[in-house]
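Our numbering numbers the first residue of the sequence shown as 1 and each following residue consecutively.
Just to be clear, a hint being listed does not mean it is correct.
[Unchecked claim] Computed list of lysine to aspartate or glutamate pairs in EDC-like fashion (alpha-carbon distance at most 16 Å, straight line):
id, residue 1, residue 2
1, 85, 71
2, 221, 154
3, 175, 154
4, 5, 154
5, 2, 310
[Claimed, not checked] Have a look at the derived ranges for each label pair, beta carbon to beta carbon:
id, residue 1, residue 2, range
6, 116, 43, 16 to 22 Å
7, 286, 87, 30 to 36 Å
8, 190, 48, 26 to 32 Å
FYI, nobody ran anything at the bench for these hints, they're computed from the structure. As the structure is a prediction and not an experimental result, all values here were calculated from the model. Note that CB positions come from ideal geometry on N, CA and C, so glycine has one too.
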Amino acid sequence: MKILKLEKSDLDKWLAEWMKSSPVYAPVQSGFGSFYDWARLEQGRMPELLPGVPKSSIKTFLFPQPETLEEFSADPADPSAFILKAPKTAEQLTIIAGVRPCDARSVSLNALPYAKDPYYSNRLRNTALVGFTCETQCSTCFCTRTGGLPTGTEGLDIAITRMDNTFLAEILTQKGELLAEAGRTGTDAGGDALSRLEQSRKNSGSPVSSADDPAPILREKDLMALYQAPFWQEIAEPCLNCGACTFLCPTCYCFDIQDEVIRDRGRRIRYWDSCMFPLFTLHASGHNPRGLKLQRVRNRFMHKLKYFPERFGPISCVGCGRCIRECPVNIDIREVYTDLLAI
1 MKILKLEKSD LDKWLAEWMK SSPVYAPVQS GFGSFYDWAR LEQGRMPELL
51 PGVPKSSIKT FLFPQPETLE EFSADPADPS AFILKAPKTA EQLTIIAGVR
101 PCDARSVSLN ALPYAKDPYY SNRLRNTALV GFTCETQCST CFCTRTGGLP
151 TGTEGLDIAI TRMDNTFLAE ILTQKGELLA EAGRTGTDAG GDALSRLEQS
201 RKNSGSPVSS ADDPAPILRE KDLMALYQAP FWQEIAEPCL NCGACTFLCP
251 TCYCFDIQDE VIRDRGRRIR YWDSCMFPLF TLHASGHNPR GLKLQRVRNR
301 FMHKLKYFPE RFGPISCVGC GRCIRECPVN IDIREVYTDL LAI
């Protein structure tokens, strides 16, 4: 692994060089400085790395809303038949800069169920993630309770850490090497760089130990004991079923599929859906296995903290805190899995 030492001017040059050949997205402020989210950078516009995470997660790049799966049109030679055409796939590299460790880790978690999805795999293959490790944690951040670190590098191609008045850039993948070469600046950080980074990680907090990791503990919990826990009604009572938690969560990936047709042609699209919506599980017969709010709230948390770890290993949460920050009725997932662990 190569570690480069960068000045602030070097970072600016990297971004400027990347923008010459690829679209580059990064967090910026807009709307009188109160709205902090992703935007495509243009020459002269630099990212603004505020504490915490942007409003949206990076799943907006890997699960576009909506996404065309195929296009179709009537066959001129046979009006009863249709011609199917696969959408064009983007071959140009997209660079996402300013990614926080929790968002980067969500990419690894989402790849577990989506490893064989050709649309997701192609988009991930043509996306480079340049991360900035966290210097501080917001009150809603809890990555260290989900197996992550404020200074984690999982899922990143380049991880950049501020060290006093300079930056250390860890080149973690082949894509990262190509980006560093394209940046055309930076110097070797020296032999003590790795130990300095390790000390920085040690100071930032410890990842959960295997003994305290909630995933193996929750995997061993009796399913029905968790399912029938007495606190679900209390948790669900204030929920508005607005779906904000699922749309902002980097590891929620539920979708629906719809055909849009205009005259003799159309397209099949995949768009985001939410398990918090009453229609999500409604059958054509009219039966709805999760018609009650309590059932939907319970399913969301059980999926993240019980069903997903039983199938894939880790819990489906990276501790970014978006659901806590944006929930209009202050439902807190940290309190939910504390309750589950106590059963």
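These are the hints, each one checked on the structure:
1. A C-alpha spacing of about 5 Å is found between residue 85 and residue 71, which places the hinted pair at or below 16 Å, so the restraint holds.
2. Straight-line distance between C-alpha atoms of residue 221 and residue 154 comes to about 28 Å, which puts the hinted pair past the 16 Å bound.
3. Distance check on the hinted pair: residue 175 and residue 154 sit about 14 Å apart at the alpha-carbon level, within 16 Å; holds.
4. The straight-line distance between the Cα atoms of residue 5 and residue 154 is roughly 20 Å, outside the 16 Å bound, and the hint therefore fails.
5. At roughly 36 Å between alpha-carbon atoms, residue 2 and residue 310 are farther apart than 16 Å, so this suggested pair is violated.
6. Distance hint for residue 116 and residue 43: a CB-CB separation of about 39 Å, inconsistent with the stated range 16 to 22 Å.
7. A beta carbon spacing of about 34 Å between residue 286 and residue 87 agrees with the range 30 to 36 Å that was offered as a hint.
8. At about 30 Å, the CB distance of residue 190 to residue 48 agrees with the hint of 26 to 32 Å.
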